[in-house]
Amino acid sequence: MNDMRLTERAVTEKAKMSARKVQVYYGSNHALKDVDVDILDKTVTAFIGPSGCGKSTFLRCLNRMNDTVASARVEGKIEMDGHDIYDTRVDPVQLRAKVGMVFQKPNPFPKSIYDNVAYGPKIHGLTRSKAELDEVVETSLRKAALWNEVKDRLNAPGTGLSGGQQQRLCIARAVATGPEVLLMDEPCSALDPIATAQVEELIDELRSQFSVVIVTHSMQQAARVSQRTAFFHLGYLVEYGETGTIFTNPSDPRTESYITGRIG
Amino acid sequence: MTDVIAGAVPAAKSLIEPDARTRARNAAERRFRMMGIAAILIGLLALVTLLASVLGNGLSAFRQTYIEMAIPLDAAVLDKAGDRDPEKLAKVTTLGYGKLIEASLEQMLADRGVDTKGQTAKQLMGLLSKEAASDLRQMVLAKPDLIGTTVTFPALANGRVDGFFKGRVTMESAARDSNISPEQLEVAVLMKEAGVIKTSVNWAFLTNPDASELRPESAGLGVAILGSAYMMVIVLVLSLPIGVAASIYLEELAPKNRWTDIIEINIANLAAVPSIVFGILALALFINFLGLPQSAPVVGGLVLTLMTLPTIIIATRASLKAVPPSIRDAALGVGASKMQSIFHHVLPLAMPGILTGTILGLARALGESAPLLLIGMVAFVKDYPSSPPEGFFDPASALPVQVYSWTQRADPAFAERASGAIIVLLVFLMTMNALAIVLRRRFERRW
Ligand SMILES: Nc1ncnc2c1ncn2[C@@H]1O[C@H](COP(=O)(O)OP(=O)(O)O)[C@@H](O)[C@H]1O
Ligand SMILES: [Mg+2]
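Taken in sequence, the protein lines are chains A and B. So for the first sequence, my numbering puts the first residue at 20; every next one is plus one. So for the second sequence, my numbering puts the first residue at 7; every next one is plus one.
Be aware that one or more of the hints could be misleading.
[As the list claims (entries may be wrong)] Once the Cα atoms are required to be at most 35 Å apart in a straight line, the calculated DSBU-like pairs of lysine-lysine come out as:
1) B:LYS128 / B:LYS94
2) A:LYS124 / B:LYS344
3) B:LYS19 / A:LYS117
4) B:LYS344 / A:LYS170
5) B:LYS327 / A:LYS141
6) A:LYS141 / B:LYS344
7) A:LYS52 / B:LYS344
8) A:LYS124 / B:LYS262
9) B:LYS149 / B:LYS86
10) A:LYS40 / B:LYS344
11) B:LYS262 / A:LYS130
12) A:LYS61 / B:LYS344
13) A:LYS149 / A:LYS96
14) A:LYS52 / B:LYS327
15) A:LYS149 / B:LYS344
[What the hints assert, rightly or not] Beta-carbon label-pair distances, calculated as ranges:
16) B:ILE43 / A:LYS124: 39 to 45 Å
17) B:LYS262 / A:SER237: 33 to 39 Å
18) B:ARG447 / A:THR267: 55 to 61 Å
Think of the hints as simulated: they come from the structure by calculation, not from any bench. The beta carbon of each residue, even a glycine, is placed where N, CA and C say it ideally should be.
So here's chain A without its partners, still in its complex pose (with noise of 0.2 Å):
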């Protein structure tokens, strides 16, 4: 399996977000220090780590959601397709559309499974008339592998739907905006195991389309979606390389204690 991952990692070299000596702080806590990370394009990275040891907090840095946080202080570089993300420029709201986000918790809004795919595109005005945003909808909702489940009652209330279900209208809401970047923060932690798979599959599904970086406690689901992995540790990013090398030959103690088992 890791074989295979090498010879497909090798096409998608291209770096689509770059970060250098990002620090963050909550207040005078020093919650991350010093990471550097390239997210390849077209690849799943996964970030793993004992908890608390900052991987949302990066994940959250990489679409400035961290601005939400009034205490929060970001310090370094972090690029997209080499343009400043924290430049005084940018509008939060424009990267967001860019660079997508799925949480934790199934998280849909209490209104039809169709307004909560329609919700991005209609607030970006990326549609212009009812039909073509019919036509978002729904391709989005294909992507995120729920059409079927859902194409007869589109309105129907989105937080009806079974946990799974939800955590994929999620994805289809996140996807309905075309970002390029599809963060993920533990997305499965709150699945049963047959909804995790699910969603795992359509991680690497959409992997064809954008770059996906998946927060995962996880190392099992770090090893089956991902080509590559950053283990962070007490806010240091301390191994990242690809998966198959992270899980079967680290180059780090740390990283060989937490995945056999001594940290965690």
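Dock chain B with the ligands against the given chain A, drawing on the hints supplied.
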């Protein structure tokens, strides 16, 4: 399984026979249950007593005794010039109309063969309200075409006569009363038998303005209801947007620091300030400093707005807080701006709570009397305020204050009116509470 339980419970104790500890615990539970039921019964009893007393005293205010008669509106008396000129018509005072009524009354009693027991015309006129002549005059002035015709006019009966048929006044009390004599009441009984005196629904109670001490039978809530309605409009229009805007700012936008903490504490304190203090503030600020008119709904509305704001802010902030943060994240995550996340998602979800809080705040404001007393809304107002917006500056009364001022009057007929006014107030309050519940249900289902 059974073995495990049997092992855990000491062998001497049976499962069937409760031991002393269990019995004591069960008894304690029973006692607590009884106390709870007793507490609820006391509460219910208080409510029932209140309602029974208010309804018992006040329901009769919604019925009124009238003396119905045919009055020929003699053009020679009412319109000497014969040109129906309103200015000249207005020159005929209530005295003139009183004479018409007196003549018609005597004529009718003679026609119907009612024994007047030797009462003089003046004494017979004493059966009628002092307001009757003025009512007839108003009727004619409003419709001068009536002159020359004979109209059927339901004249208000005197408050004592009204009270007699409602059981409030008896022959014994009439004997001690300078306003009515037992002989007059005997005539009234005969008139009732002859079908001249009738009792019907008292719509005038809801529409008439207040009346003077001597005319309780014509006193109504019209001005008070209008005044209260005007004030509620002002309170709603001012406090809802201000309260919601303040809450959104404090809850969603303001930095969390010492200043916002202080503001928060003070808003909570403001909600606990006694209402009379708001009245003093309004007197000093709106009337003495800004020079707004006394007794005006605009001042009442402003002071009630000040009182309602903290309630609305607290309710709104609580409902905003209750919206899960994940909804905000979801909106921001797809690239909604802060404002869009608030107005598209958070506010609609908080709306049922906000509306409920607002309506309950309004209900509290509607029943508030203390601050209105201080700004002069207790004054005797007989003229309806004009329509808004000018009407906001005209003198008016308010429902709770009307209750207060009627209870201050000597004539027991006003006690009946006061209870009637309480019923009207309660009906408004219950309607508002019901509306709050209906709105909340309606909104909650709308995903
Ligand atoms: N909103 C916040 N305010 C203050 N501190 C935070 C906040 N979010 C995270 N932190 C702190 O930052 C550190 C990293 O947290 P996080 O990124 O959530 O870890 P992970 O996702 O890896 O479990 C932790 O010490 C946590 O306490
Ligand atoms: Mg996390």
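Margin query: With the threshold set at 35 Å, check whether the alpha-carbon distance from LYS141 of chain A to LYS344 of chain B stays at or below it.
Written below: holds (16 Å)
Notebook entry, point to check: Within 35 Å, alpha carbon to alpha carbon, are LYS149 of chain A and LYS344 of chain B?
Noted result: Holds, because 26 Å separates the two Cα atoms, which is no more than 35 Å.
Notebook entry, point to check: Does LYS124 of chain A pair with LYS262 of chain B here, judged by a C-alpha cut-off of 35 Å?
Noted result: holds (26 Å)
Notebook entry, point to check: Given the proposed pairing of LYS19 of chain B with LYS117 of chain A, does the C-alpha separation stay at or below 35 Å?
Noted result: At roughly 71 Å apart (the allowed maximum being 35 Å), LYS117 of chain A and LYS19 of chain B break the hint.
Next item on the list: Sort out whether LYS94 of chain B lies within 35 Å of LYS128 of chain B, counting only the CA atoms.
Entry: Measuring from Cα to Cα gives roughly 28 Å; hence the hint holds.
Notebook entry, point to check: Taking 55 to 61 Å as the hint, is the beta-carbon distance of ARG447 of chain B and THR267 of chain A inside that range?
Noted result: This hint holds: roughly 60 Å between Cβ atoms.
Checklist line | Pair hint LYS149 of chain B and LYS86 of chain B, alpha-carbon separation not exceeding 35 Å | finding: Answer holds: LYS149 of chain B to LYS86 of chain B is near 17 Å, not above 35 Å.
Check: Given the hinted pair LYS149 of chain A and LYS96 of chain A, is their alpha-carbon gap at most 35 Å?
Finding: violated (40 Å)
Item checked: Pair hint outcome, LYS327 of chain B versus LYS141 of chain A [Cα-Cα no greater than 35 Å] -> Holds: LYS327 of chain B and LYS141 of chain A sit about 26 Å apart, inside 35 Å.
Next item on the list: Would you mind confirming whether the straight-line C-alpha gap from LYS344 of chain B to LYS170 of chain A stays at or under 35 Å?
Entry: Holds, because 31 Å separates the two Cα atoms, which is no more than 35 Å.
Next item on the list: Take the C-alpha atoms of LYS52 of chain A and LYS327 of chain B, compute the straight-line distance between them, and say whether it is at most 35 Å.
Entry: holds (33 Å)
Next item on the list: Take a quick look at whether LYS262 of chain B and LYS130 of chain A sit within 35 Å of each other, Cα to Cα.
Entry: Measuring from Cα to Cα gives roughly 31 Å; hence the hint holds.
Checked against the numbered hints above, the structure breaks hints 3, 13 and satisfies the rest.
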